[in-house]
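Participant: Chain residues, written in single-letter form:
2 protein chains.
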Amino acid sequence: MLEFQYYLPVNLVFGRGKSDIIGEKAAALGKRALLVTGGSSTKRSGLLNKIEVLLQENGVSFCLFDKVTPNPSIITIYEGAALAASEACDVIIGVGGGSSIDAAKGIAFQTVNGGDINDFIFGRKFSAKALPVIAIPTTCGTGSEGNGFAVMTNPETMDKKSLRSNAIVPACSIIDPLLMTTLPKSTLACVGFDALCHNMEGYLSSVAQPLTSIQALEGIRLSAQSLGKVYDDPSDLDSWEQLCLASTLGGMVINTAGVTAPHGMEHPASGLKDLVHGKGLAALTPVIIEESILGAPEKFAVISKLLGGNNEKDCVQKIKELLHRINLVTTLGEQGITQEDVDWMAKNCLKVSAAGINNHPVVFSLDDIKKIYRKAI
Amino acid sequence: MLEFQYYLPVNLVFGRGKSDIIGEKAAALGKRALLVTGGSSTKRSGLLNKIEVLLQENGVSFCLFDKVTPNPSIITIYEGAALAASEACDVIIGVGGGSSIDAAKGIAFQTVNGGDINDFIFGRKFSAKALPVIAIPTTCGTGSEGNGFAVMTNPETMDKKSLRSNAIVPACSIIDPLLMTTLPKSTLACVGFDALCHNMEGYLSSVAQPLTSIQALEGIRLSAQSLGKVYDDPSDLDSWEQLCLASTLGGMVINTAGVTAPHGMEHPASGLKDLVHGKGLAALTPVIIEESILGAPEKFAVISKLLGGNNEKDCVQKIKELLHRINLVTTLGEQGITQEDVDWMAKNCLKVSAAGINNHPVVFSLDDIKKIYRKAI
Numbered sequence: 001m002l003e004f005q006y007y008l009p010v011n012l013v014f015g016r017g018k019s020d021i022i023g024e025k026a027a028a029l030g031k032r033a034l035l036v037t038g039g040s041s042t043k044r045s046g047l048l049n050k051i052e053v054l055l056q057e058n059g060v061s062f063c064l065f066d067k068v069t070p071n072p073s074i075i076t077i078y079e080g081a082a083l084a085a086s087e088a089c090d091v092i093i094g095v096g097g098g099s100s101i102d103a104a105k106g107i108a109f110q111t112v113n114g115g116d117i118n119d120f121i122f123g124r125k126f127s128a129k130a131l132p133v134i135a136i137p138t139t140c141g142t143g144s145e146g147n148g149f150a151v152m153t154n155p156e157t158m159d160k161k162s163l164r165s166n167a168i169v170p171a172c173s174i175i176d177p178l179l180m181t182t183l184p185k186s187t188l189a190c191v192g193f194d195a196l197c198h199n200m201e202g203y204l205s206s207v208a209q210p211l212t213s214i215q216a217l218e219g220i221r222l223s224a225q226s227l228g229k230v231y232d233d234p235s236d237l238d239s240w241e242q243l244c245l246a247s248t249l250g251g252m253v254i255n256t257a258g259v260t261a262p263h264g265m266e267h268p269a270s271g272l273k274d275l276v277h278g279k280g281l282a283a284l285t286p287v288i289i290e291e292s293i294l295g296a297p298e299k300f301a302v303i304s305k306l307l308g309g310n311n312e313k314d315c316v317q318k319i320k321e322l323l324h325r326i327n328l329v330t331t332l333g334e335q336g337i338t339q340e341d342v343d344w345m346a347k348n349c350l351k352v353s354a355a356g357i358n359n360h361p362v363v364f365s366l367d368d369i370k371k372i373y374r375k376a377i
Numbered sequence: 001m002l003e004f005q006y007y008l009p010v011n012l013v014f015g016r017g018k019s020d021i022i023g024e025k026a027a028a029l030g031k032r033a034l035l036v037t038g039g040s041s042t043k044r045s046g047l048l049n050k051i052e053v054l055l056q057e058n059g060v061s062f063c064l065f066d067k068v069t070p071n072p073s074i075i076t077i078y079e080g081a082a083l084a085a086s087e088a089c090d091v092i093i094g095v096g097g098g099s100s101i102d103a104a105k106g107i108a109f110q111t112v113n114g115g116d117i118n119d120f121i122f123g124r125k126f127s128a129k130a131l132p133v134i135a136i137p138t139t140c141g142t143g144s145e146g147n148g149f150a151v152m153t154n155p156e157t158m159d160k161k162s163l164r165s166n167a168i169v170p171a172c173s174i175i176d177p178l179l180m181t182t183l184p185k186s187t188l189a190c191v192g193f194d195a196l197c198h199n200m201e202g203y204l205s206s207v208a209q210p211l212t213s214i215q216a217l218e219g220i221r222l223s224a225q226s227l228g229k230v231y232d233d234p235s236d237l238d239s240w241e242q243l244c245l246a247s248t249l250g251g252m253v254i255n256t257a258g259v260t261a262p263h264g265m266e267h268p269a270s271g272l273k274d275l276v277h278g279k280g281l282a283a284l285t286p287v288i289i290e291e292s293i294l295g296a297p298e299k300f301a302v303i304s305k306l307l308g309g310n311n312e313k314d315c316v317q318k319i320k321e322l323l324h325r326i327n328l329v330t331t332l333g334e335q336g337i338t339q340e341d342v343d344w345m346a347k348n349c350l351k352v353s354a355a356g357i358n359n360h361p362v363v364f365s366l367d368d369i370k371k372i373y374r375k376a377i
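Keeping their order, the protein sequence lines are chains A and B. Numbering of the first sequence is given in our numbering, commencing with residue 1 and proceeding in unit increments. Numbering of the second sequence is given in our numbering, commencing with residue 1 and proceeding in unit increments.
Hints should not be assumed to be uniformly reliable.
Here are the simulated DSS-like pairs of lysine-lysine, each with C-alpha atoms no more than 27 Å apart in a straight line [as the list claims (entries may be wrong)]:
| # | chain 1 | residue 1 | chain 2 | residue 2 |
| --- | --- | --- | --- | --- |
| 1 | A | LYS125 | B | LYS129 |
| 2 | A | LYS129 | B | LYS371 |
| 3 | A | LYS67 | A | LYS31 |
Stretches of chain A that chain B covers, calculated by requiring three or more beta carbons in the stretch to come under 8 Å of a beta carbon on chain B [stated by the list, open to error]:
| # | segment |
| --- | --- |
| 4 | 203-215 |
| 5 | 330-337 |
Partial chain A-side listing against chain B, Cβ under 8 Å, derived [as the list claims (entries may be wrong)]:
| # | residue |
| --- | --- |
| 6 | LEU2 |
| 7 | GLU3 |
| 8 | PRO9 |
| 9 | SER61 |
| 10 | PHE62 |
| 11 | CYS63 |
| 12 | LEU64 |
| 13 | TYR78 |
| 14 | GLU241 |
| 15 | ASP274 |
| 16 | VAL276 |
Simulated from the structure, these hints should not be mistaken for laboratory data. Virtual Cβ for every residue (Gly too), placed ideally from N, Cα, C.
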């Protein structure tokens with residue numbers, strides 16, 4: 001019996017060079033923008049400067065908040081929201097990787113709602129209001145431009161968990177593949193694998209539904225087809241387009257279908273030890289899938305075929321081959337996680353990732369989770 | 001090179017029995033509803049009465065506008081809008097087939113914007129405002145619950161053309177397959193074929209884009225699989241679900257990808273002679289596709305395979321077989337169209353359906369269009 005609800009008011013503008021229309025898009029949404037970005041890459045590339053000029057040309061004033069770091073902290077969100085409020089910003093523009101866009105969303109939400117953002121993250125409070133957000137991704141991984149999630153870490157508890165609200169679905173997302181082509185190979189590998197994981201996990205999720213599954217399958221197909229190609233040849237723009245679209249699709253998919261165990265188990269690790277998210281996923285995903293095939297053999301067969309395999313039995317092997325091709329074979333141990341961290345991570349996983357664990361084709365117990373962490377170290 | 005914009009804020013609630021939550025959904029959107037429906041079937045089935053009770057139980061008052069006829073006229077829209085205004089309605093609920101839902105959308109738009117609605121239909125004026133619409137389809141064909149289109153006919157000019165605005169994308173669409181199961185077989189055949197056409201045309205359209213194409217292919221697959229089954233066995237609820245979903249997908253697809261020649265050429269015919277839309281499509285589609293294969297052989301091969309065929313060469317045959325199975329083999333002549341109507345229809349087609357004709361894999365000239373009409377008579 002088929003039952004679902006679907007609401008995802010994304011507003012996507014996709015194409016080479018489309019970041020040139022940021023000025024008019026911002027002018028349609030506000031008069032004073034808070035530009036949210038990380039410390040350096042958007043400056044170095046000239047993108048930030050270009051955006052500032054385009055905003056001015058379109059009569060949108062702005063102030064800059066460039067303090068976003070990877071795995072953004074709730075403290076950063078509070079700081080940005082205070083600035084947005086004191087500067088009377090009416091639109092928030094996130095430019096950069098997933099961290100910048102998630103921070104922009106968190107700031108857009110916090111500016112309007114105030115109080116302890118953890119109340120909203122853990123579902124004790126609810127709000128449908130936020131400032132409008134414009135997302136301009138410069139990486140093709142999180143898909144944050146395609147959903148109403150903003151992942152942030154609480155430095156007091158090390159909880160890495162997402163704020164989820166339709167209010168922070170970007171009012172406009174400009175996906176410009178030309179902004180991605182200068183990504184360092186190591187970053188590309190991490191974000192591209194993240195995109196693949198979103199699509200695989202959304203497809204595997206027990207709360208998947210027809211609209212998310214067709215997007216997820218297209219996302220798996222596109223990322224499987226393009227990730228290795230752009231890794232080898234960054235001048236292959238057609239493949240960049242495919243990977244960017246796969247990333248946005250992955251973001252859209254998880255908004256409704258959620259993530260499953262790989263993301264669910266990675267968050268405690270990167271919450272605790274500030275891992276690079278894609279590397280954490282690379283260490284965990286093959287181990288987790290090995291323990292999951294029996295829970296949904298047909299779905300793993302479909303995934304495997306899209307990765308070039310034959311059936312569910314070679315799915316893990318195909319994922320390992322892709323990781324090998326993009327030089328992303330790694331373990332949690334290599335990233336600083338030790339056997340002593342396992343108990344905390346496993347407990348934290350059931351705290352911050354209860355939904356993801358529940359959506360997985362095999363619902364792991366606390367002991368299963370510990371066993372997988374140990375194996376991945 | 002891939003470029004697209006995508007924005008379709010549908011809010012779908014899908015599942016057997018879901019129409020029972022109309023009260024709470026309406027209460028979230030307004031205090032006084034205009035209930036828009038046709039003359040009889042929603043009364044006979046008891047659905048209208050059920051909805052009235054649920055609205056009352058949830059503190060939503062309402063007044064009834066039950067004057068919608070097939071191929072709704074602009075006059076009906078004006079009349080409904082006048083009632084909505086005088087009764088101070090703040091939410092419009094469309095219950096019934098595509099005509100009722102399209103009328104509800106038109107009324108929601110006209111109530112707020114006033115003036116000559118043709119200005120908006122023909123793009124001389126623009127508005128992003130309308131009252132919120134709730135759509136409860138009782139047929140699975142138009143997919144109106146999935147888009148921002150409202151087709152209406154101007155009785156002065158016989159122009160049958162859609163108002164298109166994101167403002168009339170329903171704020172909530174409740175797709176309850178249990179509401180469809182009592183459709184007369186002849187109606188089912190017409191609406192089900194309409195749903196298939198939306199998906200085929202959206203897939204064939206030159207302005208198709210990745211998100212619409214994956215939805216369209218799924219819509220073709222689902223309708224091809226389910227239409228014959230529910231026609232044979234109305235108790236097959238799983239197939240009803242598939243057909244309902246295909247219908248909603250078709251509506252979503254055409255919002256962005258548009259329709260092509262079959263819908264483009266059917267509208268002049270049903271604008272002029274008040275045809276049953278699905279019958280008009282049944283007469284025209286095989287003839288049009290025969291003349292179109294060479295424009296997109298790969299796409300017609302994909303469609304053919306989803307219909308059980310082998311390649312583009314048997315696509316028309318597969319469509320004819322489906323029409324035969326659901327007793328919908330017909331000609332325009334059988335529906336009252338004569339050779340004398342051809343010149344007017346062809347000229348009107350280029351007036352009201354310019355976009356659809358342009359999106360088609362083969363862009364037909366006025367003479368081509370006349371030839372096809374003649375063949376379909």
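Participant: Determine for every hint whether it applies to the structure shown.
Facilitator: To see whether the hints hold, each was checked on the structure:
Of the pairs offered as hints, the one joining LYS125 (chain A) and LYS129 (chain B) is violated, with about 30 Å between alpha carbons and a cut-off of 27 Å exceeded. About 56 Å separates the Cα atoms of LYS129 (chain A) and LYS371 (chain B), which puts this hinted pair outside 27 Å; it is violated. With a CA separation close to 22 Å, the supplied pair LYS67 (chain A) and LYS31 (chain A) stays within the 27 Å bound. Given a C-beta distance limit of less than 8 Å, the hint that chain B covers the segment 203-215 of chain A holds, as 4 residues qualify and 3 suffice.
With 0 residues carrying a beta carbon less than 8 Å from a beta carbon of chain B, the segment 330-337 of chain A misses the three-residue requirement, and the given coverage is violated. Interface restraint check for LEU2 (chain A): the shortest CB-CB distance to chain B comes to about 5 Å, inside 8 Å, so the restraint holds. With 8 Å as the threshold, the beta carbon of GLU3 (chain A) comes within range of chain B, its nearest partner Cβ sitting at about 3 Å, so the hint holds. Checking PRO9 (chain A) against chain B by beta carbon gives a least distance of about 4 Å; that is within 8 Å, so the hint holds.
Using the Cβ-Cβ criterion of 8 Å, the hint placing SER61 (chain A) at the interface with chain B is not satisfied: the shortest such distance is roughly 24 Å. Violation of the interface hint for PHE62 (chain A) is found here, the shortest Cβ-Cβ separation to chain B being roughly 24 Å, above the 8 Å cut-off. Here the hint on CYS63 (chain A) is broken, as its CB sits about 28 Å from the closest CB of chain B, past 8 Å. Against a cut-off of 8 Å between C-beta atoms, the interface hint on LEU64 (chain A) is violated, since the closest Cβ of chain B lies about 28 Å away.
For TYR78 (chain A), the shortest C-beta to C-beta distance to chain B is roughly 30 Å, which exceeds 8 Å, and the interface hint is violated. A hinted interface residue such as GLU241 (chain A) counts as satisfied when its beta carbon comes closer than 8 Å to some beta carbon of chain B; here the least separation is about 5 Å, so the hint holds. Hint status for ASP274 (chain A): violated, given a least beta-carbon distance of 35 Å to chain B, over 8 Å. Here the hint on VAL276 (chain A) is broken, as its CB sits about 29 Å from the closest CB of chain B, past 8 Å.
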